[in-house]
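*Asks:* For the sequence shown, counting from 1, position 428 maps to 428 in this note's numbering; every step adds exactly one.
Treat the hints as calculated values from the structure; they're not laboratory data. The beta carbon of each residue, even a glycine, is placed where N, CA and C say it ideally should be. A couple of the hints might just be wrong.
[What the hints assert, rightly or not] List time: in silico DSS-like cross-link candidates among lysine-lysine, alpha-carbon distance up to 25 Å: (1) K327 - K125; (2) K125 - K43; (3) K221 - K286.
[Said to hold, decoys possible] Label pairs and their computed distance ranges (CB to CB): (4) G132 - L180: 46 to 56 Å; (5) H708 - E176: 40 to 50 Å; (6) R397 - L180: 56 to 66 Å; (7) Y545 - E515: 22 to 32 Å; (8) P428 - K549: 15 to 25 Å; (9) M249 - H133: 56 to 66 Å; (10) E97 - P71: 13 to 23 Å; (11) T58 - E515: 44 to 54 Å.
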Amino acid sequence: MKKKMKKNTVGTISVSRFYRTNLKRRTMDINVENNFKARHRGKVDKKLLRKQIKSSHTLLKHEGINTTSEPTKNLVVANGGLGNGVSREELSAVLKEIGEVETLLMPPHKPYAFVTYGSEENARKAHIRLNGHTLQCRENSVTLYLSFVNSVPCEQQACVTLPTGLVLVEDFVSPEEEALLLAAIDWSSTSDDVTAQKALKHRRVKHFGFEFRYDNNNVDKDKPLPVGIPEECQPVLQRIMESGHTKFMPDQLTVNQYESGQGIPPHVDTHSAFEDTILSLSLGTKTVMEFRHPDGRVVSVFLPARSLLVMQGESRYLWTHGITPRKFDTVPASDSLSSGPTTCDFGALNQLTLSKRGTRTSFTFRKIRHGPCCCAFPSTCDSQGALSPPSPPSLPRGRGDAARLEDEYVHRVYDAIAPHFSSTRHSPWPRVCHFLASLTPGNVLADVGCGNGKYLGVNPEVISLGCDRSSALIQICAERGFQAFVSDALCVPLQTASCDACISIAVIHHFSTPERRLAAVKELVRLLKPGGHALIYVWAFEQEYKRQKSKYLKDHNPKSNTAKDDPEPDGKSAICTESNPEDNKKSPSDDYKVADDKLSVHVNRTAFNSRDLLVPWHLKDGKRREGDSGKARTDMDKTKCKKVSKDSRPNKSESSIRSHCNVDSHHESEKQCGLVPVFHRYYHVFQQGELEQLCMQVKGVKVQSSYHDQGNWCVILEKDCNWS
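Whenever a hint applies, use it, and build me the whole structure from the sequences.
*Replies:* So, in structure tokens, the structure goes:
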């Protein structure tokens, strides 16, 4: 009995020890797990803190917004703005989960917002809970980073006067009338001679009464269409007449249908085609239309569904109107509509949100003009001397033609635009810098076509010499302390085999014949010592390569007024035109209907559709060299000039090229006319393999490597060591 009891006692002790051991192990495991979670959480917190600090630095650097580490009622929400696709409703819902929100300020087109809570305690909670919070915005998601600020910018209520003669009447038609009008338009046919139905690049269109011809931007007044304005429109037109919005009964109707993301370039309806009043009825969904004055003023007008827009006088004849292609508009929030968005610049209000565009159909009623226009705006009036576009030049047929083409559309242009061009060329391209850095100290480098000399100082340990055909750009090089001289790239006044390396960046594509392009490569090779290397960059026809778009295509910011220093940047301004010539194009690059041997004018920031073309450069006001009174103005007279706004519009659609006008011989007169010159530069854009084939025609060199770099084809040549 005692032995049995002893066994039980021993057993009891063993079991107890077993449980204690396991408990200890579990405790250790839990502690290890907690320590791991703590360390992991610590890493997450540190990463979040780093991103929060980075966002604060970004706000300070780019927006001048100072954050503070001391808690306040005010917060700035990085990534939570209209500019990166966050609507007011989406952000407000998240912020209100924390507590009462006094104000929410979302500046237009900015990627941040300001929020003021009812108490500092709620602001603290938001700072803790929402930092690093992922907000789902339709198809996209954004991560919010919050920082305290001492104050929030004051709410602006700056009223902007609408263009003279512009009137917007909301709810002009009822929902029932809207449905009746939309049903009256049959879009089922793809081609219709009766109503001149067309599928244009950015929209579908039907004409009634008379067809508006996009090839000449006018109306054939002797050829009315078989079908007049639909009967369903008559009650609306009668009400327009009775309301005194027009004194002419319209006899021409253009119906445009826009899908989400589509728009129309800035334009002025051709003066000689139509009488004063233009009437536009918006049906289906709301949108924003931008009006632009030649002096650069821009007024955004919110067009609700079923509203009537009346353009008369200055708003019809002088201001351009257009709709930027985009899928979302920045519009007044529903609770701020009473603030009068049609008479105030709602872009300056804080009650803004994003509105997704749907299918919009516009009915534009006009009265055909049967005599010349005698308006008070001759600078935009085709009846009073505003010129139609000059015929673009032809491809050169011989050496003389090529030299003349390059002189007018390359050399003279760069002399005229030199200061503005130089202001956009400040950042050397990385792979060019890598080539220059690989040179041995003491090497002699020739930069043929050096421009403003941005590569001459990259490697201070080599002896750098630059040359360029433009004396204006060479003057800029001299002012920067670089050794440079004026020279043609086909005949550089340096001894044969005197250079260890040569670079030709964005030069050879300006030569207009294969023979001249080959001669330019041969001249580079002549300058090289045996064993020397040459780097050549030319603009590529393929701006999208291996499913990656170049910066030239991607960097298309409609709101930017600053030309960026990326591969072959061009002016950013939208062209304000006499009508909608963009619609006569079958491809993005056909700004003119031209014969096969004529050069087309390229639409900036779009893919190329031709290998030989003219590329516009929009000269910003004040960027011309002082003292260019003769040369630059002569160039301008030859290249003509377009009326442009300072803002786009991206989209700024360069496709709306229309009227050119002679520039007065005095710059002051140009300013008074509100004109900004647009120059055209000749380019031959290279297809894949073309540059290598060109170089292989030169004896004594081999292509060491070739590559595609941000929309450019590039080669590195090596001269044969036995070359003689």
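*Asks:* Hint by hint, note whether the structure agrees.
*Replies:* Evaluation of the provided hints:
no. : hint                    : in the structure
1   : K327 - K125             : violated, 35 Å
2   : K125 - K43              : holds, 21 Å
3   : K221 - K286             : violated, 33 Å
4   : G132 - L180: 46 to 56 Å : holds, 52 Å
5   : H708 - E176: 40 to 50 Å : violated, 58 Å
6   : R397 - L180: 56 to 66 Å : holds, 59 Å
7   : Y545 - E515: 22 to 32 Å : holds, 28 Å
8   : P428 - K549: 15 to 25 Å : holds, 22 Å
9   : M249 - H133: 56 to 66 Å : holds, 59 Å
10  : E97 - P71: 13 to 23 Å   : holds, 19 Å
11  : T58 - E515: 44 to 54 Å  : holds, 51 Å
Hint check: violations occur at hints 1, 3, 5; the rest are consistent with the structure.
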